[in-house]
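In the order they appear, the protein sequences are chains A and B. Just remember that this note's numbering sits 1231 ahead of the position in the first sequence, which is counted from 1. Just remember that this note's numbering sits 29 ahead of the position in the second sequence, which is counted from 1.
Honestly, the hints are just simulated from the structure, not real lab data. All residues carry an ideal CB built from backbone N, CA and C; glycine is no exception. Do not take every clue at face value.
[Said to hold, decoys possible] Looking from chain A toward chain B, a few residues come up when the C-beta cut is under 10 Å (computed):
no.: 1; residue: K1294
no.: 2; residue: D1296
no.: 3; residue: W1303
no.: 4; residue: D1307
no.: 5; residue: R1353
no.: 6; residue: P1383
no.: 7; residue: G1384
no.: 8; residue: E1503
no.: 9; residue: G1508
no.: 10; residue: Q1524
no.: 11; residue: G1529
no.: 12; residue: A1530
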Amino acid sequence: VTVTATPRRTAGTTSDAARKAGVRRLRRRERLRNVAFLSPWLLGTGLFFLYPLATTAYLSFTKYDGFLSPTWNGLDNWKFVFQDYPFFWPAMRNTLWFVVVLVTLRIIVGLALGMMVIHVKRGNSVLRTIFYAPYLAPPVAGTLAFVFLLNPGTGPVNTILGHLGVSAPSWFNDPSWSKPALTLLALWGVGDLMVIFMAALLDVPKELYEASALDGAGALSRFRHVTLPHLRPILLFAVITGVIATMQYYTEPIVAGQVASGQIAGSGNQFEPGYPGGSTLTLPQLVYNLGFQKFDIGAACVIALVLFVMSMAFAALLMRRGSGFLGAED
Amino acid sequence: MTRLPRPRWTHRRRRLAGSALLATLGLALTACFGSSQGGANDDPNADVTITFWHGWSAPSEVKAIQATIDAFEKANPNIHVKPVGNITDDKINQALRAGGPNAPDVVSSFTTDNVGEFCTSHAFVDLTSFLDKSGIDPKTTFPGPQLSYTQYNGNQCALPLLSDAYGLYYNKDMFAAAGISGPPKTMSELDADAVKLTKSSGDGYSQVGFVPDYHFYESTITHFGAQWAPTYFDSSGKSTVAGDAAIKSAMEWQKGLLDKLGGYSKMDKFRTSAGEEFSNNNAFMAGKVAMMIDGEWRAGMIDDSDSKVDYGVAPFPVPDDLASQYGKGYITGTIVGIASTSQKQNAAWEFVKYLTTNTDAVVNFANAIHNVPSTIAALKSPQVSQDPNFQQFIKIAQNPNSTTTPASPNGGDYQLVLQNLGYDYQSGKQSDLQAGLDDAAQQIDTNIAQVQ
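Produce the entire structure from the sequences given, and follow the hints as far as they go.
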């Protein structure tokens, strides 16, 4: 028994081991196949997201001017940006102001315009074109037009307000009014959100409005209990993309500041960042100024990382509270 | 089920793939963190083409620089120059870091502010050995301010390519109407004339004598401050703006005049309605302002425009206690250097030498674009425009008391700090000037430490 049992047990063990090895091979092949299918995404994410992110993080701890190789300087750049760089905190406050006020107002106005246009019986296509067209204007051209329209001395807006006896503000030349002026500019180009909201509003089943009307719901109640729940995913989308876009707010404030200040940089004549009084300075302007004009790349990377973390935190918070793009009811 | 053939990753292939990956990473890191270095080993007699980046873009300016290039090529038939115009300092900085075959060999910049950065980063080569080789003594070739703004800590990494001198433009008709016989020579006279020439209309002005607002055209603290001769830095590179009375006096004078003319708010509102500086709507050219500080190029612009202003030019007034130094002014200019990445530095030097030291080339180019020549010989040349207004700027450029803003390792950052203090002080946001200057000095030192 023992003589025959031993070879049989050995044969069984060999067969198990071979089967397990086969399963492992199969799994490994499946994994490789999956990785192969994922490779374009992995390559793209690695090259265009992870590698730049890791490089940015590394450079934020170095002294690097683009000429000589980076040298490790620990937390010096972080200390400089948070403690010694006078433009960082004003730029942070301005950026957060735009995130809260500009994003909120764009959504409210975009939604209001969308609702208005779909309820207009005649000429809604004309209205849609009128409200959408400014969105297509190049940002620099739009900003230049607004700066000239709102010029406190020669602009038509203040001239008209003056004739009406209204004491007009100095808009882009007054630190208290420059951000509201930029917000007006952003609201002028709200056509993108209007179109998205229009599509979402047309998607709300009419039966629900009819049923709620039969139940005695008023306009406000119908908006609150029928329209809003259906718009939730779109609202979330608008908030997240709005916050991310505002974190990158660069062209309009820098053009407005430069044109309104009347200063052209040159010898003995420095361009004033965030004119007037630093009120239009945003974090992306600092990234460009430090990184690509002063070539203090380490400090620029610190601010870039701050922006990245803020964007991620906003997006994560909103996604968590909004239960994803599908919304809680779906 | 069809099985796909399993890839055979042999040891050799793995090693090859690993090497390729490392090489790719190495190339990527080289691209990110470094640029190729050039040298001065090229044969200056070889037939070569060098690339010259400059900032001129107006047709008349492009024509003038092309004429200079043509004259150089005629004198040096083996060296061909490929000019690339409309280049800004941002583009220069980025291109010099990127390097590569299309990077420039010779680079000129309209601002002197980045010279310190170009020198300390070695983006431009030190020209001292080239100057020695060619037997050129910079001290006897270039005026003091021009030599000062083209070097940093003994590194002569650039040379002046024409200059700008600042003076006072005044409207002769307005002066006559106000009964003023001639341009002011001291700050007290300037204040009195400015008040006399200013006419209020409602809550604004119908005419302004002088606009001291720092946001107005060339009315900057560094341009005004030159009349008090500030030092900006001590010998160890530390900011002196807190202890040097010059900047404080200049700021106090500016604020005082602003108040005499009606205050900041009223003047700034006028400033926002003044036309664009570099257009025919310029407030002086449009007859809205009686006096302004500006460079020599303005005379050419007025003459070339349809402006009817009968203007005169004089040195900018000096502080009352420095009346004997009347005639001086702020000096700046265009600079030119050789990129350290250039493989044709000897040929590039021949071109730079011609541009900056050949008297005929300097004079002809200066006359063509209404700029002040930048060599001592060219300033004295009888070929320089003898127009009386232009000659005022020639005298300002030759005045031994004329000053400039010194080079700094972080460019014009110290000027920006002072400028921001000036904005706060003129608007009343900063009332304690000395406290502001103390903070400014500390900020300037902190910012310099950050880049060193």
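Now for the hints, and whether the structure bears them out:
For A/K1294, the interface hint holds, since its Cβ comes within 10 Å of a Cβ in chain B; the closest pair sits about 8 Å apart. For A/D1296, the interface hint holds, since its Cβ comes within 10 Å of a Cβ in chain B; the closest pair sits about 6 Å apart. Given hint, A/W1303 at the interface with chain B, is violated; its Cβ is 13 Å from that chain's nearest Cβ, farther than 10 Å. With 10 Å as the threshold, the beta carbon of A/D1307 comes within range of chain B, its nearest partner Cβ sitting at about 8 Å, so the hint holds.
With its C-beta approaching chain B no nearer than about 43 Å, A/R1353 sits outside the 10 Å limit, and its interface hint is violated. Taken as an interface hint, A/P1383 checks out: its beta carbon lies about 5 Å from the nearest beta carbon of chain B, inside 10 Å. Contact between A/G1384 and chain B, as hinted, is supported at the beta carbon level, the nearest pair being about 2 Å apart and thus within 10 Å. Because the smallest distance between the Cβ of A/E1503 and any Cβ of chain B comes to about 7 Å, under 10 Å, the interface hint for this residue holds.
The beta carbon of A/G1508 comes within 7 Å of a beta carbon in chain B, closer than 10 Å, and the hint placing it at the interface holds. Hint status for A/Q1524 relative to chain B: holds, with the closest Cβ pair at about 6 Å, below 10 Å. Look at A/G1529: its Cβ gets to within about 9 Å of chain B, closer than 10 Å, so that hint holds up. A cut of 10 Å between beta carbons decides the hint on A/A1530: the least distance to chain B is about 7 Å, and the hint holds.
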